[in-house]
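Build the full structure now, drawing on both the sequences and the hints.
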Amino acid sequence: MSLYGLQKLMYELNRDEALQSQYRADRDSILSNFKLDAEERQAIDDEDIGLLYILGVNGQILMHFAAMCGYAWPDYIQAMRDALQVHGNVRAGIYATTDGQGAI
Amino acid sequence: MSLVFAGVCSHGPGITGRKDMADPQHVAALYAAFAQMRHKLEAAQPDVLVVIAAEHFANFFMNNMPAYCLGLADEYSGPIEDPEWLGIARTTFPGAPGLSKRLIQSLLEDVDVAYAEEWKFDHGISVPLHFLTPACDLPIIPANINCQGPPLTPLHRAWAFGESLGRACTAAPERIAIIATGGISHWPATPDSGKINEAWDREFLTRWAANDKAKLLSYTDAETYAEAGQGGFEIRTFIALACATQGMPAAVDYYQPIPIFAVGCTVGTVDVR
Ligand SMILES: [Fe+2]
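Note that the protein sequences, when read in sequence, are chains A and B.
Here the first sequence stands for residues 1 to 104, numbered as in our numbering.
Here the second sequence stands for residues 1 to 273, numbered as in our numbering.
Calculated directly from the structure, the hints in this document are not laboratory data.
A hint or two may mislead.
Stated by the list, open to error - List time: in silico EDC-like cross-link candidates among lysine to aspartate or glutamate, alpha-carbon distance up to 20 Å:
#1 K120/B / D137/B
#2 K40/B / E174/B
#3 K35/A / E47/A
#4 K101/B / E75/B
#5 K101/B / E163/B
#6 K19/B / D75/A
#7 K8/A / D137/B
#8 K213/B / D271/B
#9 K8/A / E118/B
#10 K120/B / D16/A
#11 K40/B / E203/B
#12 K120/B / E17/A
#13 K120/B / E12/A
#14 K8/A / D48/A
#15 K120/B / E75/B
#16 K8/A / D26/A
#17 K40/B / D137/B
#18 K215/B / E203/B
Stated by the list, open to error - Among the chain A residues that face chain B by a calculated CB cut under 7 Å, a handful are:
#19 Y11
#20 R15
#21 L19
#22 G59
#23 Q60
#24 M63
#25 H64
#26 A67
#27 I77
#28 R81
#29 I94
#30 Y95
#31 T97
Note that this is a predicted model, so its numbers are computed, not measured.
Built from N, CA and C at the ideal position, the CB exists for glycine as well.
Given below as structure tokens:
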């Protein structure tokens with residue numbers, strides 16, 4: 001259920017430069033507004049794009065968030081591939097891979 | 001008849017953001033196709049450009065997701081993405097609130113469309129406009145179809161939306177250009193990024209160019225998801241434009257799968273004369 005809050009956090013950050021600045025200056029002041037479980041909070045703290053992908057964050061939201069975190073394109077794709085090896089396929093949503101591997 | 005231009009194109013963020021990672025010949029041909037589309041658009045001397053888009057959570061979220069929404073703003077800003085990542089500088093675009101209001105009022109006869117006086121563009125609109133209105137001086141009216149956060153509107157409703165939008169544009173005195181932008185088959189923002197079902201794309205584009213309503217509406221979302229990926233849901237934008245330009249000859253001017261752009265890159269135009 002907190003996947004909703006996790007995605008909403010990223011949605012709001014992705015579209016608002018002022019919020020991004022506040023987030024960088026005082027992360028807790030933003031995160032306290034969103035209900036995240038421990039795994040989600042850790043993934044956000046670590047900017048663990050791979051785990052966020054596995055948790056079921058919509059790919060369009062995650063792609064913008066990864067860019068915001070400074071991921072170069074190949075590293076962003078690789079982070080998702082690596083996470084599939086570690087955690088197995090995506091747990092929710094429409095962004096699961098077709099074969100649990102990543103086709104290319 | 002005040003529809004002076006109609007066309008379709010891709011909007012993948014890689015088209016601008018990862019252009020240095022693609023085959024230079026592919027990039028040159030795609031950019032030339034966009035330039036050709038821009039020439040046709042400019043030759044039509046439009047007063048305003050309506051963009052049927054499939055935005056990616058720049059404005060709408062699952063707290064209150066409109067199936068259809070038209071912009072009603074004085075101006076729009078974008079892209080929301082990091083400008084360096086997207087390869088497009090942040091800017092503002094003039095709106096056309098007077099026409100927006102009339103279009104919305106007309107649409108409401110048939111479609112319970114939402115409207116928004118605030119709207120930020122993401123790559124879904126910023127990439128096409130980067131090529132089509134580089135001076136950012138042509139007034140824009142964004143028209144969004146939710147293609148990202150299921151439950152999604154059925155294809156026959158996208159067709160009906162296009163019908164209503166086409167009728168509203170035709171009745172307006174302004175010279176209106178309209179484009180639809182979406183991917184066809186693609187698995188964007190996944191580890192499968194770069195996978196493209198070219199045969200599926202070509203079949204879809206054949207149906208689009210033929211304005212074949214029955215065949216365009218025959219896809220189920222389950223089939224689209226299996227054969228054309230999450231990104232395939234964006235065919236709704238092409239379908240809406242097909243209906244808005246019913247009876248007019250359409251052509252696919254350019255199609256080329258470019259894996260690093262994560263999509264079969266497409267440019268098509270409709271002969272609205
Ligand atoms: Fe898209």
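Evaluation of the provided hints:
Note on K120/B and D137/B: the hinted pairing holds, with a Cα-Cα distance of about 17 Å set against a maximum of 20 Å. Proximity of K40/B to E174/B is assessed by CA-CA distance (about 18 Å); at most 20 Å being required, the pair is judged to hold. Distance hint between K35/A and E47/A is fulfilled; the C-alpha atoms sit about 17 Å from each other, no more than 20 Å. Between K101/B and E75/B the CA atoms are separated by roughly 14 Å; this keeps the pair inside 20 Å, and the hint holds.
With a CA separation close to 18 Å, the supplied pair K101/B and E163/B stays within the 20 Å bound. Taken as a hint, the K19/B and D75/A pair is honoured in the structure, with Cα atoms around 17 Å apart against an allowance of 20 Å. Using a Cα cut-off of 20 Å, the hinted pair K8/A and D137/B is violated, with the two alpha carbons roughly 33 Å apart. Distance restraint check for K213/B and D271/B: the Cα-Cα separation of roughly 18 Å lies within the 20 Å cut-off, and the hinted pair is therefore satisfied.
Restraint check for K8/A and E118/B: the C-alpha separation of about 18 Å stays at or below 20 Å, so the hint holds. Between K120/B and D16/A the CA atoms are separated by roughly 10 Å; this keeps the pair inside 20 Å, and the hint holds. Distance hint between K40/B and E203/B is unfulfilled; the C-alpha atoms sit about 25 Å from each other, more than 20 Å. With a CA separation close to 12 Å, the supplied pair K120/B and E17/A stays within the 20 Å bound.
Using a Cα cut-off of 20 Å, the hinted pair K120/B and E12/A holds, with the two alpha carbons roughly 12 Å apart. The suggested pairing of K8/A with D48/A holds, with an alpha-carbon distance near 17 Å, which does not exceed 20 Å. Under the criterion of a C-alpha separation no larger than 20 Å, the hint pairing K120/B with E75/B is consistent with the structure, at around 9 Å. Between K8/A and D26/A, the direct Cα distance comes to roughly 18 Å. Compliance with the 20 Å bound is thereby established for this hinted pair.
The straight-line distance between the Cα atoms of K40/B and D137/B is roughly 17 Å, inside the 20 Å bound, and the hint therefore holds. Only pairs whose Cα atoms come within 20 Å are accepted, and K215/B paired with E203/B is accepted, the gap being roughly 10 Å. With a cut of 7 Å, the hint placing Y11/A at the interface with chain B holds, because the nearest CB-to-CB distance is about 5 Å. Using the Cβ-Cβ criterion of 7 Å, the hint placing R15/A at the interface with chain B is satisfied: the shortest such distance is roughly 5 Å.
Contact between L19/A and chain B, as hinted, is not supported at the beta carbon level, the nearest pair being about 11 Å apart and thus beyond 7 Å. With a least beta-carbon distance of about 3 Å to chain B, the hint placing G59/A at the interface is held under the 7 Å criterion. The beta carbon of Q60/A is positioned within 7 Å of a beta carbon in chain B (closest approach about 4 Å), and the interface hint is therefore held. With a cut of 7 Å, the hint placing M63/A at the interface with chain B holds, because the nearest CB-to-CB distance is about 4 Å.
The beta carbon of H64/A comes within 6 Å of a beta carbon in chain B, closer than 7 Å, and the hint placing it at the interface holds. Because the closest C-beta pair between A67/A and chain B is about 4 Å apart, less than 7 Å, the hint holds. Nearest Cβ of chain B to the Cβ of I77/A: about 6 Å, under the 7 Å cut. The hint holds. Against a cut-off of 7 Å between C-beta atoms, the interface hint on R81/A holds, since the closest Cβ of chain B lies about 5 Å away.
With a least beta-carbon distance of about 5 Å to chain B, the hint placing I94/A at the interface is held under the 7 Å criterion. About 6 Å separates the beta-carbon of Y95/A from the nearest beta-carbon of chain B, less than 7 Å, and the hint is met. With a least beta-carbon distance of about 6 Å to chain B, the hint placing T97/A at the interface is held under the 7 Å criterion.
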